[in-house]
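**Q** Chains as they are written, first to last, in our numbering: chain A, 1 to 358; chain B, 1 to 358; chain C, 1 to 358; chain D, 1 to 358; chain E, 1 to 358.
There could be a bad hint or two in this list.
When chains are identical, the list treats them as one kind, so a pair holds in a single copy or across two.
[To be verified] Each computed PhoX-like pair below joins lysine-lysine, with the alpha-carbon atoms no more than 20 Å apart:
#1 K158 / K206
#2 K157 / K99
#3 K152 / K23
#4 K23 / K248
#5 K99 / K248
#6 K286 / K206
#7 K11 / K152
#8 K27 / K163
#9 K11 / K158
#10 K163 / K152
#11 K157 / K11
#12 K346 / K286
#13 K23 / K11
#14 K206 / K11
#15 K163 / K57
#16 K163 / K248
#17 K157 / K27
No wet-lab data here; the hints were simulated from the structure.
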Amino acid sequence: MNRLFFKKHTKVGARPGTLVIHKDAEKPRIRIIRFTPDEHFDNQVETIEQIRDELSKDGVVWIDVQGMGDEALIRAIGDHFSIHMLALADVVNVPQRPKTESYDLHQLYISRMVSVDEDHQLEVEQISIFFGRNFVLTFQERFGDVLDPVRKRIRSKKGPMRKSGPDYLAYAIIDTIIDGYYPVLEQYGEYLEQLEARLVADATPKMLAQINRIKRNLLILRRGIWPQRDAINILIRDESPFIEDDTKVFFRDCHDHCIQVADVLETFRETAGALLSTYLSAIGNKQNEVMRMLTIMASIFIPLTFMAGIYGMNFEQMPELKRWWAYPALLSTMFLTAGGMLWYFKRLGWIWTRHDDD
Amino acid sequence: MNRLFFKKHTKVGARPGTLVIHKDAEKPRIRIIRFTPDEHFDNQVETIEQIRDELSKDGVVWIDVQGMGDEALIRAIGDHFSIHMLALADVVNVPQRPKTESYDLHQLYISRMVSVDEDHQLEVEQISIFFGRNFVLTFQERFGDVLDPVRKRIRSKKGPMRKSGPDYLAYAIIDTIIDGYYPVLEQYGEYLEQLEARLVADATPKMLAQINRIKRNLLILRRGIWPQRDAINILIRDESPFIEDDTKVFFRDCHDHCIQVADVLETFRETAGALLSTYLSAIGNKQNEVMRMLTIMASIFIPLTFMAGIYGMNFEQMPELKRWWAYPALLSTMFLTAGGMLWYFKRLGWIWTRHDDD
Amino acid sequence: MNRLFFKKHTKVGARPGTLVIHKDAEKPRIRIIRFTPDEHFDNQVETIEQIRDELSKDGVVWIDVQGMGDEALIRAIGDHFSIHMLALADVVNVPQRPKTESYDLHQLYISRMVSVDEDHQLEVEQISIFFGRNFVLTFQERFGDVLDPVRKRIRSKKGPMRKSGPDYLAYAIIDTIIDGYYPVLEQYGEYLEQLEARLVADATPKMLAQINRIKRNLLILRRGIWPQRDAINILIRDESPFIEDDTKVFFRDCHDHCIQVADVLETFRETAGALLSTYLSAIGNKQNEVMRMLTIMASIFIPLTFMAGIYGMNFEQMPELKRWWAYPALLSTMFLTAGGMLWYFKRLGWIWTRHDDD
Amino acid sequence: MNRLFFKKHTKVGARPGTLVIHKDAEKPRIRIIRFTPDEHFDNQVETIEQIRDELSKDGVVWIDVQGMGDEALIRAIGDHFSIHMLALADVVNVPQRPKTESYDLHQLYISRMVSVDEDHQLEVEQISIFFGRNFVLTFQERFGDVLDPVRKRIRSKKGPMRKSGPDYLAYAIIDTIIDGYYPVLEQYGEYLEQLEARLVADATPKMLAQINRIKRNLLILRRGIWPQRDAINILIRDESPFIEDDTKVFFRDCHDHCIQVADVLETFRETAGALLSTYLSAIGNKQNEVMRMLTIMASIFIPLTFMAGIYGMNFEQMPELKRWWAYPALLSTMFLTAGGMLWYFKRLGWIWTRHDDD
Amino acid sequence: MNRLFFKKHTKVGARPGTLVIHKDAEKPRIRIIRFTPDEHFDNQVETIEQIRDELSKDGVVWIDVQGMGDEALIRAIGDHFSIHMLALADVVNVPQRPKTESYDLHQLYISRMVSVDEDHQLEVEQISIFFGRNFVLTFQERFGDVLDPVRKRIRSKKGPMRKSGPDYLAYAIIDTIIDGYYPVLEQYGEYLEQLEARLVADATPKMLAQINRIKRNLLILRRGIWPQRDAINILIRDESPFIEDDTKVFFRDCHDHCIQVADVLETFRETAGALLSTYLSAIGNKQNEVMRMLTIMASIFIPLTFMAGIYGMNFEQMPELKRWWAYPALLSTMFLTAGGMLWYFKRLGWIWTRHDDD
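Next comes chain A alone, as it looks inside the complex:
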């Protein structure tokens, strides 16, 4: 739990703008894609000079930095793009709450990307996106191919991408990230259905832990999507000089997706809550079954034992003891008593009742 919230945080009272590079952080790789309506270039670069070079050329330039493990390089990039020291700290000291902030030379959008591993464990990664007059600059925590569909669309020449500016490219990146919530939702939806199916049969503490974990994960997902909804709303409403009016309709679509994701999350949270009440009632039902078994056994055999006890007494004057028919008669009485109890329990619906067919 802590891991998702406190991966790293600066020392209390540290100077604002302090960058906290985690010792396991990967060395940054920088990939530059530059495109005009007619051509496009895709390079791996290593130095600030190469970036500067690309920026001086025609077209939209997308600088994608993957990995945070080199403070000097990141500071150099920050200086080159005149990134405010607090903005740069937000990029490095993940996780930040998703938000958008407007600066003189660029717009910053901090997004949160989610994925699920095979054990239903949620993975969260921050992507920070700066976009200005002719560039988009993205920072990712780790190497990853999540933005490959965007690169493919740049290559393909179809659609408005190649003819549009950096705002459209930024939209495409954000849209891809938010689309990435759908498969996660799908997996959790299936997981919830599995849990629901297994629940009655298997109301164990471990099950409860799984329900609680899924609730927590749904909460984390909500914390990822809600602020993005607000941030995109700000992009649409505010008059940012970096966003064309034509692009706003695309952001509006993106905004709709955020709301839809939030709606589904809400439904899942309700479902998880229903699982909890199912779990608690399953415990109660199990107890009922155990009690019923005990009651049936005890109610049948305790009276019979009592009858046997009567004729185990040593009184001298117990005339029944001497009749030849007494023993078979008692046995029959016992059988009848047991049968009567069974019939009674059957009528109460405690035994030989099928509940779960349908």
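With chain A's structure known, arrange chains B, C, D and E on it following the hints.
**A** Chains B, C, D and E alone, transformed into the frame defined by chain A:
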């Protein structure tokens, strides 16, 4: 559950405007109704040219497309009406959240229609409505006769329909969709009453599953009606060039219906919550009954068995054993003891008590 | 439950303005009261002409229509007062949500009246009030004397009624309706107290049903009063030509009453929620009592029975069996054991403990 | 409960402004304090003339009316100060929701005073405060010394009181009332702590009733303080001619106190909720203890009784019965079995385990 | 609990501005730091004159007062800085709700500092910060080194501190306080994880008390951070003459931290709620285990005891008693019966089932 939220969604990172045609989607059928105050025509058409033809004539034209199974045709219709590619994607990539959006040449209203099958399973379908200067264009997911009452009203010449523009026709369609929530509510209301009646007798896990399912369905209904309330409010408030002032009072009526539906849903959700607590307490009550049975049986027979045990001992010096009255005396004591216990349990209200008459 | 929400509703897709007259609806009776500061008249009328007649005279005219069972007459009245067809439908197709709407020639206020029968069952009735330049027109679902206090105040000449216009009369009617919530609240308050007192002794499923029913009724009351609060607020805020400034202070008082009713309802809902938790804990306590009884009986007698069992064995070498003091010694041991158990249970507070005095 | 909400209310449909004097209402006592920066006078008066007399003199006049039992006198005071009939009704027909209202000649502030008796029962009293150009007029339900600290501050000449106008005096009164919530909170805080300490040992239905009662009282307290927060906010924001700008900073302080009281109330409500869950779990724990006792007793003695039963059988061929070592051997086996069970229960942590030290 | 809310409060009806010095309050120590871009001075002072002296010199002056135990000195400082008597009361009469207030000569920001001792007990302290043209004046309840990181940054000459005004220094102090919430969150996060791990094994009332205590502490933390979020927002939005535009971006960062802290708190509260349901279900599971043990023991041995009882009867005509094979046959039957029961319980999953592996 998933089915209602994820029938189909575009691939992560797909180009905006990508249409996802489900492989089972029905081939579209297009029906055109054109009417003036004096006459009306009703045709099945197949090509764009026929649509164009009708639109060039006098009167209000309603183009109703049922089924999504032909991407080319739908794109052609979209092009002809200059529908924005994102709007067209919203039409095809169902389900979208109900909303209204204003474009230069038409207003888009995305609605959600509900119905219930005999197994209380909720069916949800999206209807997308474009209306402009002289036309209404609707897209439905499947074939269906849900809008037949509107067609009938067009034919009948009574009421303001024939004298009004496309805004009134759009209102009539939306109103019919929202009216369609009432029978669904009615069915769920009856279902809730049935569940309530069966609950105490039949507090089984299956019952709980039904309560949870109904809660989920009520939630889905709310997700269908709340955004429509907002969307209709936007139609009333905003100065859309496609809505006459006279028509707004009708939309206001429609808005009232949305609120009423939402109110009833809220009450039903409370009722479903009450069912849950009834269910949990029914489990507790059952357990009490089982325990009581056990306690009564044990409390009566264990002391008696003990008494019998006493006189089953083999001490040589047990003078009682030799008295002729000893056995009958013990039997009487046993009867009295048992009777006393029964009287005590009766006084505690554990047996022979009628609770449920009134 | 359904009855309160769906008494009647129009067919899906019916033309707006369709009136649904229930087959059991009572034939309307029309009563006209006309008053000037100096005189007042009170007549039963039957035709539109008589109404027109009265309206052409001096003073404020109050036309009170009780019963909805004559569509022609109601349409005629609607036509005469130029009532919008949707407004007329709202009057007839009860229940509508309370609201106010402003038209050119009159203001419409839809109110909801409540009462409780002796079985704590809530009765809800809609009163629709139109008021214009010189008239107030009210529609009630059924015959009733709930507005008699207003008529009495008209007759009595005291207070501002006779000197004021139709807006004050409308206020007096609305105020009387809202005042009618107080006795209902009082009854439910007493009912809640009764339930609370009976609860611990009588935690039966029927009790739970009563708690749930009262919660539902409180919810229905809230649905009756909250929208009226908003509607009255609109009357106060909006510049309606039909409301004098002097009358607004009276509506403000009425608004305060709405809030007060809503506050009390809120408290009652909390109380009902507390009853639920009391109910559930009472079930738990009952179970504890049952279990305790069982445990005490079993803990005392099972060891004794075991002791008796020991000396019921048929070993040849059991020297104790032959001692004359053995039987009395065993009986004493048994007494001491039982006494020790009782002392122990007493110390645990399971028996002979008074909890409920204070 | 009713008592707090329905002490008295007007008949349904009564004329607005009707005063409902409760038959037990105390006869009003009127105390007039008049002060200028230099002098101050403190008199008991009986007639309107005396009040008029004081008002005609220099300085700020505070007329404090305690007790409502004289309609004629209260109406006379109302007339003299030109109090609107609805405002006067709000003063007399307690309890009203706290609020402030602005009239031409004075500002009305309706406040709610709270206190707790030794049985933790909440007492609520309404104080109505009118303040105008040179006077403050207060109405209290009963005699009481709660405003004595204010009188003392008037006498003492220290602080801004003597140099300020009626607005500051009104502030001082309101501030004293709101300060009066703190000791109440303190008492409930201590009561909650007591309840918490007693809870585990004493989870009786009476305890639950106390928790529910405290929750209800906290709710009543919140209903007393929240509307005052709003009312004071209105005093600060609105441009009342009766409040100097210099006094507003004092009202702002008063507003802060309201929020603080509300915060503490919120925390107490959470605590009371926690008590409820503690209570329910205590019931569950008690049940566990009872069950454990039963299970231990039964598990130990039932097998032993069975063993004894074996050798109580009358088969002719039971060679063990004849061995001299059989009886001691069986007794040893029984001891070992019992010991084994005890060891097993000890290992399960059911017996001889200390949980509550720390 | 009380301690945190009512450490001290003024007498009801006390004059506004009354200072309540707690008898254990520490004597104030005053430390003055004055710095210009080039130099910095750090002194312990004792008198107002020394403060005046420092203020007359160049640069930014930070007067840090630790301890409240000298009313005369604090009033003297208040007079010297023209602090409003209510503001001074807010400083001394802790705890106040965090807030910011704007005065003519300075801005007041009341903050709340948190820390956790080794027993997970929350410590809360109020820091009041005044900042004006050339000074920052802070009041702390107790001595403490929590602001040492700020002093170190003043000394270090790096960063914007030395070149900025008192607004930046105030920011640095507030930021340090809010950063101080992170380690507290981290500790509670770990504590929650520990509780979760121990919960199933150890569902004791003490555990519940710990869960409730952590919930209460999380609530106190929220009460500490939420109002600060609002207060910082006011600093950003309002046009305070004491805050430079360049500094606002830093306050915006601080605002983000507040939201992040609040988010984590929310998640923790959910987690604590999940612990509660885990706790309750653990009690239920324990009960199930106890019941199961009882049921298994009783179901196996009660029938066997009955069988033994049968052949303990003294009928003369029981032919089985005389057969040599009868005893071994009965013993075998008993073994088979017991084995059958065990097999049945095994099939029910009541025994020999591993649940918790994964």
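**Q** Run every hint past the structure and note whether it holds.
**A** We went through each hint and held it up to the structure:
1. K158 / K206: neither (50 Å within a copy, 53 Å between copies)
2. K157 / K99: neither (31 Å within a copy, 32 Å between copies)
3. K152 / K23: neither (33 Å within a copy, 25 Å between copies)
4. K23 / K248: neither (40 Å within a copy, 32 Å between copies)
5. K99 / K248: both (17 Å within a copy, 17 Å between copies)
6. K286 / K206: Cα proximity of K286 and K206: in one copy and across copies (16 Å, 14 Å).
7. K11 / K152: between (41 Å within a copy, 13 Å between copies)
8. K27 / K163: Neither: 33 Å inside a chain and 34 Å across chains, both beyond 20 Å.
9. K11 / K158: This pair counts as between: shortest inter-copy Cα distance 16 Å, intra-copy 49 Å.
10. K163 / K152: Only inside one copy: K163 and K152 sit 15 Å apart there, 49 Å across copies, limit 20 Å.
11. K157 / K11: Only across copies: K157 and K11 sit 18 Å apart there, 48 Å inside one copy, limit 20 Å.
12. K346 / K286: both (19 Å within a copy, 15 Å between copies)
13. K23 / K11: For K23 and K11, only the intra-copy Cα distance (15 Å) is at most 20 Å; the inter-copy one is 36 Å.
14. K206 / K11: For K206 and K11, neither the intra-copy (37 Å) nor the inter-copy (35 Å) Cα distance is at most 20 Å.
15. K163 / K57: within (16 Å within a copy, 38 Å between copies)
16. K163 / K248: within (16 Å within a copy, 38 Å between copies)
17. K157 / K27: Answer is neither; intra-copy 32 Å and inter-copy 31 Å both fail.
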